Amino acid sequence: MTKLRDVCRHVRSKQAGPFWITFDVFFNGRESFERYSDCAALSPAQFASLYGADPERVKRIAVPDLEMVKISYPRTTPQGGMVERDMHAGQQYVRLLDVVID
Amino acid sequence: MEQLFEGCVKVIVPCGSLGAGVREEEIEYGLAAGAQVIATDAGSTDSGAAYLALGKSKNNRGAVKRDLTILMKAQAKSGVPIIVGTAGQAGGDLNLDWTRDIAVEIARELGVSPKIALIYCEQDKQTIKRLNAQGRIKPLPPHTELDDETVDSCEHIVAALGVEPFLAALDAGADIILAGRSTDTAVIGCYPIWKGAPWGPSWHAGKTGECGVQCAVNPTLGSGILLSVDANGFEVEPLSQDNQCTPHSVSAHMLYENSDPFRLLEPGGILNVADARYTDLNGRAVRVEGSRWEPMPYTMKLEGAAAGMYQTIMLVGVQDPDVLKDIDGFHDRLLDALYKRTRQSIPSEELGEFHISLRMYGWNAVTGVKPAAGTLPPPEIGMLFVATAATQEMANTIAHACNPYFFHYPSVMGKELPSYGFAFTPADIPRGQIFEFKLNHVVQLEDPLELVRLAWIDLSDRSMAVKELA
Chain A
1 MTKLRDVCRH VRSKQAGPFW ITFDVFFNGR ESFERYSDCA ALSPAQFASL YGADPERVKR
61 IAVPDLEMVK ISYPRTTPQG GMVERDMHAG QQYVRLLDVV ID
Chain B
1 MEQLFEGCVK VIVPCGSLGA GVREEEIEYG LAAGAQVIAT DAGSTDSGAA YLALGKSKNN
61 RGAVKRDLTI LMKAQAKSGV PIIVGTAGQA GGDLNLDWTR DIAVEIAREL GVSPKIALIY
121 CEQDKQTIKR LNAQGRIKPL PPHTELDDET VDSCEHIVAA LGVEPFLAAL DAGADIILAG
181 RSTDTAVIGC YPIWKGAPWG PSWHAGKTGE CGVQCAVNPT LGSGILLSVD ANGFEVEPLS
241 QDNQCTPHSV SAHMLYENSD PFRLLEPGGI LNVADARYTD LNGRAVRVEG SRWEPMPYTM
301 KLEGAAAGMY QTIMLVGVQD PDVLKDIDGF HDRLLDALYK RTRQSIPSEE LGEFHISLRM
361 YGWNAVTGVK PAAGTLPPPE IGMLFVATAA TQEMANTIAH ACNPYFFHYP SVMGKELPSY
421 GFAFTPADIP RGQIFEFKLN HVVQLEDPLE LVRLAWIDLS DRSMAVKELA
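Going down the list, the protein sequences come from chains A and B. The first sequence begins at 1 in my numbering and counts up one residue at a time. The second sequence begins at 1 in my numbering and counts up one residue at a time.
Careful, some of the hints might be misleading.
[To be verified] If you want a taste of the chain B side facing chain A, the calculated C-beta under 8 Å gives, among others: (1) Gly48; (2) Leu255; (3) Ser357; (4) Arg359; (5) Ile434; (6) Phe435; (7) Phe437.
[Said to hold, decoys possible] Taking beta-carbon pairs under 10 Å as the criterion, some of the chain B residues facing chain A (in silico): (8) Asn258; (9) His355; (10) Gly368; (11) Lys438.
Source of the hints: derived by calculation from the structure; they are not laboratory data. Bear in mind the structure is a predicted one, so any value in this text is a computation, not a measurement. Cβ coordinates follow ideal geometry from the N, Cα and C atoms, glycine included.
Hey, can you work out the whole structure from these sequences and the hints?
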C-alpha cells in the first residue's frame, strides 16, 4: 500500500487569490512523477470527496520540468468567512499525504 | 523596426512586503551592483478582506516606517527611485494615505524633498455600477455576472494597477511612487519596461521577485533579491551573500499562490512562461530566457471587501479524561446543548440569524473532519467557541448565555460538574466583524488610466501638512 507521502519530496497547499485553493505536489523523482502525476488518487473526484470541491472545476496541471503536479479548486466557503478554519489554506495538504495511490 | 534594447536594468526588491524587515546592507550591496530602482509591494489579498474593508495596514506603523526610512535614505543618497505598490496592505485610498503620511514624516525627519507620486485606484460604487451596466465588467472563474447588490455590499473597491500608471508617474519624474492596489508583478516589472526592456522578461522578473527572497533556496536567509532584465531575459540573485537562487527555486516560485503555473493574467496581457528556460549562472544566480508577453485587450482586476456579521469567541483548555476519551461525542453533545441554551434564553425575534461552532484544537480544529476511529487522543485540547450574529451585542449575548455550559458541560452526565480551563476574565472576546472579498471580476478599459488618479505631494511647502496636486 503506497501513500502519496511515500512518493513525494514535498506537498503544500495555499490560497491562490481569495477564491481558489491550490496544491503543489512535488514527486520524489522522474519515475514517481510519470507513474503517479495523473493517478486516480489525485483526480477531481478525490478533491470532491476530501475537500468538498466541485469536481467540474478542479484544475490539474503537470509541470514535468519540476516533476510536480498543481491541482487547484475554487474555495467552498469564503476566505475568512463565518466557518473559516484555515484562512490561507496552508494546512489543507496534510489530509492528502495519507491518500493511498497504489 | 523596433530598436533592440541594449544593456540591462537592475531592480532591487528589498523585501517580500514593506515592513517585513528591509536590510540596510542588502540595499547597499544592490546599489553597489548597479541597481537603478528599488521596488516592492506592501501587501496582498492573502491575509483576507479585513484590511481593504477597514482601510488598515497589517504591518504595523513602526515596521513600515523603519523599512521606508532605510529605502528613503538610500534614495536620497543614490538618486534611484522607490516604487511601492499595494500600499498599506490592501491599496485602498485609506491604506495609501496611511503610507503617504509615513513617507511625509520620514522626509521631514531626514530633511529631504523627494518628488512623491501617489497613484490612487479605489473606485466608487457608482462608477462600478455604470461600467457594469455598460457590459464592461466580466467575471473570472468561479464567479458569475456582477450585480448591483454585490457592489453595494462592499466597503471599499479597488482596481489592481498594471504598469501604465507607474510609467506615467516615472515619465513625470517621480522619485518615490506610492501606489494603491497593484498587481505584485507590475510594481517590479514597470521600471524595466519604462527603460525599454522587453515585456516578457520584465513581467516574469516581476513575478519572480514579488515575494523577495522567497524565490531563493532558503526563504528565511536575508530579505531581498536583485533582478537584472536585458534584451533576451533576466537574471535573479539573492541580496544575501549566504543564500542562493537555483533553477529549481526560481521556476518553482511561479507556482506560488497561483492556480496556473504557466500563465498569469495581468492588465493588458498574459505572462506566458511555458517555454521559459532556467539556467544556473554561478551557483547563486539564475538566468531565465523564453518568457513571453501576450498582449490582450486591456483589463484591470477588481477587488471588493465586504463587512458582514459579528463574532464573539471564548477559549478553554481541557484535560478532562472523560472529554478526551470521546472528543467527537463531547463536541456534538455540547454544541447541541449550546444551541438549545441560546434558543431558550434569548427571544427568537431578538436573536435573529445566528451560528455557533466549536473547534477542537489539538484534535480536528483545522479541518472539522472527524479523525479515523482509533486515533489516540492528545493530552489536552483547546476548545474554541465562536458565536456569529447580526450585531456585536447579540454575539456577546449568545456567548454570555453559553458561558456556563461551555465552562462546565460534562462529558459523562451524573458526575460532579467539571470546570474547564479559562485563561482570561472576562472569558468572552468580542472579535468584531467578518470580512469577505466579494468581487472576482475584470473591467475592460480602452485607456489604462481611466480608473486611476495620479497626485503629487508638495514637500517644498512646509507650512502645509500634505498638499496634493492633482
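Hint check results:
1. Taken as an interface hint, B:Gly48 checks out: its beta carbon lies about 4 Å from the nearest beta carbon of chain A, inside 8 Å.
2. Taken as an interface hint, B:Leu255 checks out: its beta carbon lies about 5 Å from the nearest beta carbon of chain A, inside 8 Å.
3. The beta carbon of B:Ser357 comes within 6 Å of a beta carbon in chain A, closer than 8 Å, and the hint placing it at the interface holds.
4. Checking B:Arg359 against chain A: minimum C-beta separation of about 6 Å stays under 8 Å; hint holds.
5. Look at B:Ile434: its Cβ gets to within about 6 Å of chain A, closer than 8 Å, so that hint holds up.
6. A cut of 8 Å between beta carbons decides the hint on B:Phe435: the least distance to chain A is about 6 Å, and the hint holds.
7. With a cut of 8 Å, the hint placing B:Phe437 at the interface with chain A holds, because the nearest CB-to-CB distance is about 4 Å.
8. Taking 10 Å as the C-beta cut-off, the interface hint given for B:Asn258 holds, the closest approach to chain A being about 5 Å.
9. This hint holds: B:His355 has a C-beta 6 Å from the nearest C-beta of chain A, less than the 10 Å allowed.
10. Hint status for B:Gly368: holds, given a least beta-carbon distance of 6 Å to chain A, under 10 Å.
11. Given hint, B:Lys438 at the interface with chain A, holds; its Cβ is 9 Å from that chain's nearest Cβ, closer than 10 Å.
In this structure, every one of the numbered hints holds.
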